[in-house]
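Sequence order for the protein chains is A and B. With our numbering applied, the first sequence covers 1 to 283. With our numbering applied, the second sequence covers 1 to 287.
Hints listed in this document are in silico derivations from the structure and should not be mistaken for laboratory results. Glycine is no exception: its CB is placed at the ideal position from the N, C-alpha and C atoms. Fair warning: there could be bad hints in the mix.
Not everything, but these chain A residues come out facing chain B in the computed CB check (under 7 Å) [stated by the list, open to error]: (1) L8; (2) Y79; (3) D152; (4) S153; (5) N186; (6) V187; (7) R189; (8) I196; (9) P205; (10) D269; (11) W281; (12) R282.
Take a look, some chain A residues computed to stay more than 12 Å from chain B by CB distance [stated by the list, open to error]: (13) R3; (14) A18; (15) G89; (16) D128; (17) T190; (18) L191.
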Amino acid sequence: MTRNKPWLAPLLSVLFFALFVGVWYLATSTTAAPTAGPAVDPEYAALLGAEAATGGQSAMPGPGEVAAKIWEHVLDPFYDRGTNDKGLGIQIGYSIARVLGGYLLAALVAIPLGFLIGMSPLVYKALDPFIQILKPISPLAWMPLALYTIKDSGISAIFVIFICSLWPMLVNTAFGVASVRREWLNVARTLEVKPIRRAFLVILPAAAPTILTGMRISIGIAWLVIVAAEMLVGGTGIGYFVWNEWNNLSITNIITAILLIGLVGMLLDHLLAWVARAISWRE
Amino acid sequence: MTQPFLKIEGLKRQFPQAGNPDPDPVFEDVHFGIERGQFVCVLGHSGCGKTTILNILAGLDEATAGHVIMDGREVRGPSLDRGVVFQSHALMPWLSALKNVEFAVRSRHPEWSREQVRAHAVKYLEMVHLGHAIDKKPAELSGGMKQRVGIARAFSIEPKMLLLDEPFGALDALTRGSIQSELIGIVEATKQTVFMITHDVDEAILLADRIVLMTNGPRAKIAEIVVNPMPRPRDRETLHQQPEFYPLRNHLVDFLVKRSRAFAPGADWDPKNPPLVYPGAPARAAA
Chain A
1 MTRNKPWLAP LLSVLFFALF VGVWYLATST TAAPTAGPAV DPEYAALLGA
51 EAATGGQSAM PGPGEVAAKI WEHVLDPFYD RGTNDKGLGI QIGYSIARVL
101 GGYLLAALVA IPLGFLIGMS PLVYKALDPF IQILKPISPL AWMPLALYTI
151 KDSGISAIFV IFICSLWPML VNTAFGVASV RREWLNVART LEVKPIRRAF
201 LVILPAAAPT ILTGMRISIG IAWLVIVAAE MLVGGTGIGY FVWNEWNNLS
251 ITNIITAILL IGLVGMLLDH LLAWVARAIS WRE
Chain B
1 MTQPFLKIEG LKRQFPQAGN PDPDPVFEDV HFGIERGQFV CVLGHSGCGK
51 TTILNILAGL DEATAGHVIM DGREVRGPSL DRGVVFQSHA LMPWLSALKN
101 VEFAVRSRHP EWSREQVRAH AVKYLEMVHL GHAIDKKPAE LSGGMKQRVG
151 IARAFSIEPK MLLLDEPFGA LDALTRGSIQ SELIGIVEAT KQTVFMITHD
201 VDEAILLADR IVLMTNGPRA KIAEIVVNPM PRPRDRETLH QQPEFYPLRN
251 HLVDFLVKRS RAFAPGADWD PKNPPLVYPG APARAAA
């Protein structure tokens, strides 16, 4: 049925979105009506000033306010008005740079090491206990250790990204390399192919789809972790932005940032998926 | 006494078994020779160790005892001197047909230029009538075409000997027939020495000058070596009209259905010199 109505799914998406916005609007606008609750404590009103006029109203903004905020950020993404007030573009840029830095470092370590582990059952057995123990550790648990030894919060965040992207790439590379079809290796053997040529022309392309799967899992995890890491280390980045806006109680900014985090995460995942498609092969 | 081009002496292969230091060998006491330019088929049921023998000849497996001597040198490990066509074609799916063959040519001639490698690979792909499909990936080729690429790849390194491991087992009869004819054509043109495994009697009669008959495993042995009395090149369409065809075929089928199971060597049976048999041509045998 969906085959001859390609517009049906997008239409449903729009419908769901409208429904969601509608519910959101209704939920936030009802609270705006003055409620017959207890009167505002005069001392509290003095502390809050104009804010107190809204009474006990929640700070939860409606869709209109958020849309206006998003538009504001879209118009001026790179402003810089001091340490605690930078544009979303700058903040997300810091986060992307950190993620890519830690991620690429991890790839540089994990792919060659994974190759070695996959090629040699001995190395695999020797390193397996370490991998088993280190893999389930939450990357944020490394943070204090990183801060203490590196003494630089920015590099510590990169280190945390490095450590969390390492394991999926390492394990997948090792698995991909170890499970290269024996018959292709036999072809290489009967052709007296030298080890380096075999590694790059037979094993690497054969294992590439599995390696890419690991890389895709890693970038997803790295993007999840960067937000938390930046909340901890502070200074710059989208995670810090979210935490800072929480302190400012600017829910509109938080929601904007949440949407942006999702958008960038999706783009990163699609990028890796595109690379994976380009190097995958079909039998 | 002159040595044959390829000599197999006292070959035996045991596969390790847990808790059994001396398991039954798959085959033992296997002796035979192949002359230069000869096409030899091994015929036997599954489990008699045909593929293991081929893998030992290819250098991909090691014998428990015995050795293989080719052209005066002992076979130790794989070599470009022996081209292998694998049962499952073993093409690399990320490379086009041309690149698969080029990979082999480049291994054989690392000093060649890109154009030389390409021209050589194309020549062998055209030999198996795949000139039109050289840029296709294996996934886009039919089973028969894949196996043709595998054959082109093995021939392209111009090995001293070609090893074929049931290359047509997975193909339909029509495709099999046309690739068999192509194989005959290339073998005639290149005077290639070939060792091939099959369990198809008609294929053996069509292709082989000598048919090595193996008994069932474990402890498989060479019962006898049948000499194909019909001269080369043999033609699939007229073969069955020749007087020698049915006696030969009956002899082989008879071996597969009865004697391979209950092979009882006579007093004069010597594993070092398996008897040569000339079914349908008693006059030749006497000569």
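Which numbered hints fail: Hint check: 1, 2, 3, 4, 8, 10, 17 and 18 fail, others pass.
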